[in-house]
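Peer 1: Let the sequences and hints guide you as you build the complete structure.
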Amino acid sequence: MSTAAAILSNPQIERSTRHTATIYLKEVKYEFLKNLRLRVYTASVISFPLMFYVLFGLVLNAKEVIGGTGVPTYLVATYGTFGVMGASLFGTASGLAADRGLGWLQVKRASPMPPFAYFAAKVVLSMIFSALVVSLLLLLGVSFGGVRLPLLEMAKLLGTLVAGSLPFSAMGLAIGYFAGPNSAPAAINLIYLPLSFCSGLWVPYMFLPKLVRQIALALPPYHLSQLALGIVGGGRHESARTHWEVLLAFTLICLGVARIGFQRDQGKLYG
Amino acid sequence: MPMIATLAEDQSITRPGSGSTVASLEDVGKHYGEVCALRNVNFSVAAGQVVGLLGPNGAGKTTVVKLLLGLLQPNSGKTRVFGGDPTHPQNRMRTGAMLQVGKVPETLRVREHIDLFSSYYANPLPLAEVLAAAGLGKLRDRKFGDLSGGQRQRVLFALAICGNPDLLLLDEPTVGLDVEARRALWEEIRRLVDGGKTVLLTTHYLEEADALADRIAVINQGQIIAEGTPAEVKSQTSGKRIHCVTRLSIPSLLEIPGVADAKRDREATEIHATDAENVVRALLARDPTLSGLEITTAGLEEAFLALMRDNRQNGSRQN
Numbered sequence: 001m002s003t004a005a006a007i008l009s010n011p012q013i014e015r016s017t018r019h020t021a022t023i024y025l026k027e028v029k030y031e032f033l034k035n036l037r038l039r040v041y042t043a044s045v046i047s048f049p050l051m052f053y054v055l056f057g058l059v060l061n062a063k064e065v066i067g068g069t070g071v072p073t074y075l076v077a078t079y080g081t082f083g084v085m086g087a088s089l090f091g092t093a094s095g096l097a098a099d100r101g102l103g104w105l106q107v108k109r110a111s112p113m114p115p116f117a118y119f120a121a122k123v124v125l126s127m128i129f130s131a132l133v134v135s136l137l138l139l140l141g142v143s144f145g146g147v148r149l150p151l152l153e154m155a156k157l158l159g160t161l162v163a164g165s166l167p168f169s170a171m172g173l174a175i176g177y178f179a180g181p182n183s184a185p186a187a188i189n190l191i192y193l194p195l196s197f198c199s200g201l202w203v204p205y206m207f208l209p210k211l212v213r214q215i216a217l218a219l220p221p222y223h224l225s226q227l228a229l230g231i232v233g234g235g236r237h238e239s240a241r242t243h244w245e246v247l248l249a250f251t252l253i254c255l256g257v258a259r260i261g262f263q264r265d266q267g268k269l270y271g
Numbered sequence: 001m002p003m004i005a006t007l008a009e010d011q012s013i014t015r016p017g018s019g020s021t022v023a024s025l026e027d028v029g030k031h032y033g034e035v036c037a038l039r040n041v042n043f044s045v046a047a048g049q050v051v052g053l054l055g056p057n058g059a060g061k062t063t064v065v066k067l068l069l070g071l072l073q074p075n076s077g078k079t080r081v082f083g084g085d086p087t088h089p090q091n092r093m094r095t096g097a098m099l100q101v102g103k104v105p106e107t108l109r110v111r112e113h114i115d116l117f118s119s120y121y122a123n124p125l126p127l128a129e130v131l132a133a134a135g136l137g138k139l140r141d142r143k144f145g146d147l148s149g150g151q152r153q154r155v156l157f158a159l160a161i162c163g164n165p166d167l168l169l170l171d172e173p174t175v176g177l178d179v180e181a182r183r184a185l186w187e188e189i190r191r192l193v194d195g196g197k198t199v200l201l202t203t204h205y206l207e208e209a210d211a212l213a214d215r216i217a218v219i220n221q222g223q224i225i226a227e228g229t230p231a232e233v234k235s236q237t238s239g240k241r242i243h244c245v246t247r248l249s250i251p252s253l254l255e256i257p258g259v260a261d262a263k264r265d266r267e268a269t270e271i272h273a274t275d276a277e278n279v280v281r282a283l284l285a286r287d288p289t290l291s292g293l294e295i296t297t298a299g300l301e302e303a304f305l306a307l308m309r310d311n312r313q314n315g316s317r318q319n
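The listed protein sequences correspond, in order, to chains A and B.
For the first sequence, position 110 (counting from the first letter as 1) is numbered 110 according to my numbering, and the numbering increases by one without interruption.
For the second sequence, position 205 (counting from the first letter as 1) is numbered 205 according to my numbering, and the numbering increases by one without interruption.
It is possible that part of the hints are untrue.
Claimed, not checked - Below, a list of computed lysine-lysine pairs in the DSSO-like style, where the Cα atoms sit at most 27 Å apart: (1) K143/B <-> K29/A; (2) K26/A <-> K138/B; (3) K34/A <-> K78/B; (4) K143/B <-> K34/A; (5) K103/B <-> K108/A; (6) K78/B <-> K108/A; (7) K29/A <-> K78/B.
What the hints assert, rightly or not - Footprint (simulated), chain A over chain B, 3 or more residues, beta carbon under 8 Å: (8) 172 to 186; (9) 225 to 234; (10) 262 to 269.
Calculated directly from the structure, the hints in this document are not laboratory data.
In this text, a Cβ means the ideal position worked out from N, Cα and C, and glycines have one as well.
Peer 2: Structure representation (structure tokens):
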């Protein structure tokens, strides 16, 4: 049979489940390596929350108490939320905005890569780094801050915060679809920092001005931090279910926005 | 007997034109908002060939490639790859692409990029083979961000071929490569096509299309204005190029019958002549001091420029 005829009579090429699983694993692996080697990412996502924690939780205020909870313990929950949010936003939005704007995403979309693998890898990456930040905070707190938590509670805290990275990954995807490659980091910070402040992630909630405290009730990071605080014994002791519902609704809205961006990109020439 | 027949059939293989169409645009129109990128384009790539899509920047070459990759949907008409939808994973697994990109993840190593892309395909080439084919042997562990422009291009080429695809779509593949690297890539493309692959490459380097392509399609302002073998496209503007050093002025040269165009090239003059012999006779008669006379066949460049000129003139006449 001539090669030309052979080309066109090739049997259908199927991709087995195992093959697809390998692709997803490799996407995650290389997304992780890529970001790990990016000084900018690891510095802002890991170093900043740790630095703030050491400064405000271990050096200053170490003996203080907020509403019954020791400061080092309280701040593990709030800076943990801060760290998780940063890991997710920077893990998804800036990469996505750059990949879209500068043509790399097109190269990947032109390949046989299952499109979902790209997004899944970014979300999993955010979860990995979220787990890393929270673990390091706990380590610091236990080692130097006198934080005493049963192992189960620590696991619950870790699990809650890592699950809580999903709404912010969704948010990151939404931002990434509408930001430009150069403006994305600035856009992220413009949202991330005020949001963190107003949710009581730096200045504890009860010390915020009244107006801000009211605004906080609508903010997703507030709800995640309350869930985390609830586990360590602090927080306002509200219904956990409400917090999860807010986070879920927020996730769905962000995914909707991201999807609109996705559809819009299909026909759009970008750069 | 059957054995011998098969052998003979195999030897008369593929190039040029074994008939079966691997990729096609059928009456395709594509616009971005107000801007019309492609207009009633009919274009096809036959198996085992190198097809060159030649045109100036903004002509619509990249749009054609993106349509064939399923990255864009046509506003009218159909795009077909392997007889089916370009977005179908089956067809993507048989296609490799090299696009012009502004950014590639810089912290990943060359082998890591290739490993990831290879994983998308059913039967990828071994890493060593991909590295060799793209001339990246020594750069295996180098991070992408530490590579020069030409080396980066070669990595993008590696990503296109690593899956051992049947169809290669290369958008301006030799941009940024020095002469040696360009030749090496041409050789690699030839080798791939000799092995049975089909290649569509876009370029604005006329020499590249002339050297590589079995068929050329010339595109300008969203329309195919000429198509055929390089010889056929060149013959669409017949003529010879006359190079000489003469004191005759350009306006007086243009008056000579048989002169299509004349221009100064530093101290020499380049004349494009449709009737070389008469023009030379006239030149020698009018300028006894003429020297440095060279007569060559008009290359693809002349044909191309002439086609652009005719296309523009036709366009303005219609408008």
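Peer 1: With a cut-off of 27 Å on the C-alpha distance, tell me whether K103/B and K108/A pass.
Peer 2: Distance ~12 Å between K103/B and K108/A Cα, so the pair holds.
Peer 1: Using C-beta distances, would you say chain A covers the stretch 262 to 269 of chain B, given that this needs three or more residues below 8 Å?
Peer 2: Our answer is that it is violated, as 0 residues pass the Cβ test (under 8 Å) against chain A, missing three.
Peer 1: Given the hint that K26/A pairs with K138/B, test it: the Cα-Cα distance must not exceed 27 Å.
Peer 2: The given pair, whose Cα atoms are some 24 Å apart, holds under the 27 Å limit.
Peer 1: Against the 27 Å threshold, does the CA-CA distance of K143/B and K34/A hold or violate the hint?
Peer 2: holds (10 Å)
Peer 1: Given the hinted pair K29/A and K78/B, is their alpha-carbon gap at most 27 Å?
Peer 2: Given pair K29/A, K78/B is violated - Cα atoms ~38 Å apart, limit 27 Å.
Peer 1: Hey, K78/B versus K108/A, does the alpha-carbon distance stay inside 27 Å?
Peer 2: Holds - the C-alpha atoms of K108/A and K78/B are around 23 Å apart, at most 27 Å.
Peer 1: Quick check: do three or more residues in the stretch 225 to 234 of chain B have a beta carbon closer than 8 Å to a beta carbon of chain A?
Peer 2: violated (count 0)
Peer 1: CA of K34/A to CA of K78/B, is that 27 Å or under?
Peer 2: Roughly 38 Å separates the two Cα atoms, so the pair is violated.
Peer 1: Given the hint that K143/B pairs with K29/A, test it: the Cα-Cα distance must not exceed 27 Å.
Peer 2: Holds, because 16 Å separates the two Cα atoms, which is no more than 27 Å.
Peer 1: Three residues minimum, CB to CB under 8 Å: does the stretch 172 to 186 of chain B make the cut for coverage by chain A? Let me know.
Peer 2: With 0 residues in contact (Cβ-Cβ under 8 Å with chain A), the coverage given for the stretch 172 to 186 of chain B is violated.
Figure legend: structure checked against the earlier numbered hints; hints not met, in rising order: 3, 7, 8, 9, 10.
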